[in-house]
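Undergrad: Read off the chains here:
Protein chains: 2
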Amino acid sequence: MARVLTPRAEDFPRWYQDVIAKAQLADNGPVRGTMVIRPTGYALWERMQAELDARIKDAGAQNAYFPLFIPESYLRREAEHVEGFSPELAVVTHGGGKQLAEPVVVRPTSETVIGEFMAKWVDSYRDLPLLLNQWANVVRWELRPRVFLRTSEFLWQEGHTAHADFADAQAYARRILHEVYQDFMVNVLAIPVVVGRKTARERFAGATSTYTLEGMMGDGKALQLGTSHELGQNFAKAFDITYSDAERGVRHAWTTSWGVSTRMVGGLIMAHGDDSGLRVPPRLAPIQAYVMVVKDGEGVGDAAAKLVAELRAAGVRAALDDRVDTAFGRRAVDAELKGYPIRVEVGPRDLAAGNAVVVRRVDGSKTPTAVAEVAAAVLAALDADQRSLHDEALAFREKHTFEVGTLGEALEAAATGWARVPWSAVGVVGEAEANKQGVTVRCLVRPDGGVPDSDDEDGLVAILARAY
Amino acid sequence: MARVLTPRAEDFPRWYQDVIAKAQLADNGPVRGTMVIRPTGYALWERMQAELDARIKDAGAQNAYFPLFIPESYLRREAEHVEGFSPELAVVTHGGGKQLAEPVVVRPTSETVIGEFMAKWVDSYRDLPLLLNQWANVVRWELRPRVFLRTSEFLWQEGHTAHADFADAQAYARRILHEVYQDFMVNVLAIPVVVGRKTARERFAGATSTYTLEGMMGDGKALQLGTSHELGQNFAKAFDITYSDAERGVRHAWTTSWGVSTRMVGGLIMAHGDDSGLRVPPRLAPIQAYVMVVKDGEGVGDAAAKLVAELRAAGVRAALDDRVDTAFGRRAVDAELKGYPIRVEVGPRDLAAGNAVVVRRVDGSKTPTAVAEVAAAVLAALDADQRSLHDEALAFREKHTFEVGTLGEALEAAATGWARVPWSAVGVVGEAEANKQGVTVRCLVRPDGGVPDSDDEDGLVAILARAY
Numbered sequence: 001m002a003r004v005l006t007p008r009a010e011d012f013p014r015w016y017q018d019v020i021a022k023a024q025l026a027d028n029g030p031v032r033g034t035m036v037i038r039p040t041g042y043a044l045w046e047r048m049q050a051e052l053d054a055r056i057k058d059a060g061a062q063n064a065y066f067p068l069f070i071p072e073s074y075l076r077r078e079a080e081h082v083e084g085f086s087p088e089l090a091v092v093t094h095g096g097g098k099q100l101a102e103p104v105v106v107r108p109t110s111e112t113v114i115g116e117f118m119a120k121w122v123d124s125y126r127d128l129p130l131l132l133n134q135w136a137n138v139v140r141w142e143l144r145p146r147v148f149l150r151t152s153e154f155l156w157q158e159g160h161t162a163h164a165d166f167a168d169a170q171a172y173a174r175r176i177l178h179e180v181y182q183d184f185m186v187n188v189l190a191i192p193v194v195v196g197r198k199t200a201r202e203r204f205a206g207a208t209s210t211y212t213l214e215g216m217m218g219d220g221k222a223l224q225l226g227t228s229h230e231l232g233q234n235f236a237k238a239f240d241i242t243y244s245d246a247e248r249g250v251r252h253a254w255t256t257s258w259g260v261s262t263r264m265v266g267g268l269i270m271a272h273g274d275d276s277g278l279r280v281p282p283r284l285a286p287i288q289a290y291v292m293v294v295k296d297g298e299g300v301g302d303a304a305a306k307l308v309a310e311l312r313a314a315g316v317r318a319a320l321d322d323r324v325d326t327a328f329g330r331r332a333v334d335a336e337l338k339g340y341p342i343r344v345e346v347g348p349r350d351l352a353a354g355n356a357v358v359v360r361r362v363d364g365s366k367t368p369t370a371v372a373e374v375a376a377a378v379l380a381a382l383d384a385d386q387r388s389l390h391d392e393a394l395a396f397r398e399k400h401t402f403e404v405g406t407l408g409e410a411l412e413a414a415a416t417g418w419a420r421v422p423w424s425a426v427g428v429v430g431e432a433e434a435n436k437q438g439v440t441v442r443c444l445v446r447p448d449g450g451v452p453d454s455d456d457e458d459g460l461v462a463i464l465a466r467a468y
Numbered sequence: 001m002a003r004v005l006t007p008r009a010e011d012f013p014r015w016y017q018d019v020i021a022k023a024q025l026a027d028n029g030p031v032r033g034t035m036v037i038r039p040t041g042y043a044l045w046e047r048m049q050a051e052l053d054a055r056i057k058d059a060g061a062q063n064a065y066f067p068l069f070i071p072e073s074y075l076r077r078e079a080e081h082v083e084g085f086s087p088e089l090a091v092v093t094h095g096g097g098k099q100l101a102e103p104v105v106v107r108p109t110s111e112t113v114i115g116e117f118m119a120k121w122v123d124s125y126r127d128l129p130l131l132l133n134q135w136a137n138v139v140r141w142e143l144r145p146r147v148f149l150r151t152s153e154f155l156w157q158e159g160h161t162a163h164a165d166f167a168d169a170q171a172y173a174r175r176i177l178h179e180v181y182q183d184f185m186v187n188v189l190a191i192p193v194v195v196g197r198k199t200a201r202e203r204f205a206g207a208t209s210t211y212t213l214e215g216m217m218g219d220g221k222a223l224q225l226g227t228s229h230e231l232g233q234n235f236a237k238a239f240d241i242t243y244s245d246a247e248r249g250v251r252h253a254w255t256t257s258w259g260v261s262t263r264m265v266g267g268l269i270m271a272h273g274d275d276s277g278l279r280v281p282p283r284l285a286p287i288q289a290y291v292m293v294v295k296d297g298e299g300v301g302d303a304a305a306k307l308v309a310e311l312r313a314a315g316v317r318a319a320l321d322d323r324v325d326t327a328f329g330r331r332a333v334d335a336e337l338k339g340y341p342i343r344v345e346v347g348p349r350d351l352a353a354g355n356a357v358v359v360r361r362v363d364g365s366k367t368p369t370a371v372a373e374v375a376a377a378v379l380a381a382l383d384a385d386q387r388s389l390h391d392e393a394l395a396f397r398e399k400h401t402f403e404v405g406t407l408g409e410a411l412e413a414a415a416t417g418w419a420r421v422p423w424s425a426v427g428v429v430g431e432a433e434a435n436k437q438g439v440t441v442r443c444l445v446r447p448d449g450g451v452p453d454s455d456d457e458d459g460l461v462a463i464l465a466r467a468y
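If you're matching them up, the sequences are chains F and E in order. Take the UniProt record's numbering: the final residue in the first sequence is number 468, and no numbers are missing along the way. Take the UniProt record's numbering: the final residue in the second sequence is number 468, and no numbers are missing along the way.
Simulated from the structure, these hints should not be mistaken for lab results. Predicted model only: the values in this text are computed from it and were never measured. Careful, some of the hints might be misleading.
Where chains are identical, the list cannot tell them apart; a pair therefore holds if satisfied intra-copy or between any two copies.
[Unchecked claim] Quick list of in silico lysine-lysine cross-link-like pairs, DSS-like style, CA-CA up to 27 Å:
| no. | residue 1 | residue 2 |
| --- | --- | --- |
| 1 | K306 | K295 |
| 2 | K22 | K120 |
| 3 | K22 | K57 |
| 4 | K120 | K237 |
| 5 | K399 | K221 |
| 6 | K120 | K436 |
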């Protein structure tokens, strides 16, 4: 059989592009750096949205929608913010057939415009906390685009909240970090992320603290899968978000922002994919069980349709493939590429013996199973395979993470994986040095794995790696 | 009590703006013509999305995502299309700090870019029909913006499909029209839309047939709530969407497109709202039953919380309002403004008698109800009130629709409602004449209410009205 994908060991970036093309996840768009997300890829994003949206609502935030176009002047109000985003902006100069009096930027993120409206909506302490989220597209011009990972336009959710004091803002930024993002990534995406604090150099433009969730990809590099920021009173002062408090008079609010994006689709591919394609964790999978008619035969089509109905009744997201005019082998390769967790193959020979074959994507195992027991077998396999994918990724991360003592050793370790090194052995000077060699401080963590309150705590561990 | 809203009879447009502001549905954005959709308004849109998305998937279409930015040259490939959209385009000339070699337009709609990719993806007849949908923002520069109804940026879904022949394309455009849009608008939005065919003058730029769903608003004007287009082979020829067919060689596909937008939120307000605010149909309502603690008292909070739990267990979308530090009257006015279908008021006096008060937004009736019977009463009321809203809107439409015989009579009728007049008595000359007086042909229908295949069928009825 012809080789479908470039093997990962041969050329990981090429393998990544092959998976995206062959599994029909996405295409490059006509404007440089943009992407077309095809149905198979978009279904992954829709499932991510559904899982995250439920968690975000549980955390008390409400969805809203703010405009795509932001007056250029808004970005200038917060000095660090404009500096951070200026080189990445797309600017609209003409609208309705005329040159605009003031050019508008296409939002690279919405802190500024949301700050403007928070200022209008917040009056007294009773209006706080104000917890908003939006699902939207944003644009950051990319010089070296890569589908899902760095694209000039991407889809994301961005949460923006305002609070009465520092403690409440910090608690909320961390609640989102752990209860929404970490829970989703570990338990749904099956990616054992490391959660930590960005150094001053790596912080979001305008933030006082940036927390991050970092996943290890199949080539040992790191991918930042999400961030949550404390913005202090920077945006509240720039946009005059104030509230009155009976005891203490008029005060500026404290704000946070937090986001995850379609970049997670890239992370999913690179964390779990193998040389046959994608492996989608069962809890995320849009199609969990793919019931395939191997070829026509007495009762085969009916048996397959009945299995789909039974699986759905058992709460499994099941789909039927009865395209017998396409060769079975080709369809099976396509199902592997797309990473459906379970295939249930229904063919005349097995069916005559009362069986269908349950094929697990995670390990490729094929088990003839009595038709009446397929639903139970699928449920058990989905559960086990969710755990396997997580545990395999965790073992891989542990194998490729090295405890070292010096910057030199850390840079060496970062050639193949992650280095854990005392932050005191790196520091801001060592960090700049590492950056020159293509290695970044992904985050700082406490020795016990906890998330630091500042870069200056004693005994912090820095995680250094090459990153996407 | 101070007047909350301008009465509809006094100034309908002012009433509309008052509802949007006071019910906190939306604000004007900082860039002219854009809007901020606040949580209360966005929750309505989310429910519309959920209901429509399920129907679109049932019709076999798959969600995908195409880029916001489209090369200017794409729009020029289909002559009518570029002519239709040129005056409305927003153009990005700068990206990443540099002037772009080719300016890009912000999508006003995605026929062109999707056409380009359909051409890549469609090869043989087996690839057809190709049924795609996307949820996205689009931009059409508006000179006279009006929140939800005409905004420079709006949210919508746009479906795009390719078919092997005319009959299949036509059948699909109509399936969406009836099974997705009409079903949703009549049965969920409770708006008794008239479904018909647009005249050549009113057709979408590049379409061969445009079908529309028109609702009557509370001032007798029409609002186009959605459209479905047959595009013939116009876009297939412009973008070279071809497929090979064993029998007939290489042929151009036939395409359709169809969309509904946040404009429906405006339609919902104007079709059902009254002088106290919004009235949201129960099937759409994000909050169907709003359980209010009237004031503190023994067991009141617990009883209210228990009612919310019981209502949720019965499948009702219920929310608790226990903000007893805000005056009850003010909260009740707010609940009316936001149009929650049912309020359940729980106060110490009623509770002592074992009762809560069920208040129906549709007719304002207040019924003391034994606590144990509240859930059943709410379920029955939701069902009845969904029907009432529809029937009231239908009676209103019938009362304000006039059967007339001449263009003159039709123009007169359009001052207060809709005119039904023989299309033969209007014609393209009469249509142009009507347009000068601010009246448009909303659609053509068959005498039996069916949707015509062409503008030239015998006996067609034209519906003339002023419109948003």
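Undergrad: If the cutoff is 27 Å on CA atoms, where do K22 and K120 land: within, between, both or neither? Let me know, please.
TA: For K22 and K120, only the inter-copy Cα distance (14 Å) is at most 27 Å; the intra-copy one is 49 Å.
Undergrad: If the cut is 27 Å between Cα atoms, do K120 and K436 qualify within a copy, between copies, both or neither?
TA: Cα proximity of K120 and K436: none, with 44 Å in one copy and 41 Å across.
Undergrad: As a check of your reading, is K120 near K237 (CA-CA no more than 27 Å) within one copy, between copies, both or neither?
TA: Result: close within a single copy only, 14 Å intra versus 50 Å inter.
Undergrad: Between K306 and K295, at a C-alpha cutoff of 27 Å, which is it: within one copy, between copies, both, or neither?
TA: within (16 Å within a copy, 55 Å between copies)
Undergrad: If the cutoff is 27 Å on CA atoms, where do K399 and K221 land: within, between, both or neither? Let me know, please.
TA: within (13 Å within a copy, 69 Å between copies)
Undergrad: Since the copies are identical, ignore which copy is meant and state whether K22 and K57 lie within 27 Å (CA to CA) inside a copy, between copies, both or neither.
TA: For K22 and K57, only the inter-copy Cα distance (24 Å) is at most 27 Å; the intra-copy one is 36 Å.
In summary, the one numbered hint that this structure violates is 6.
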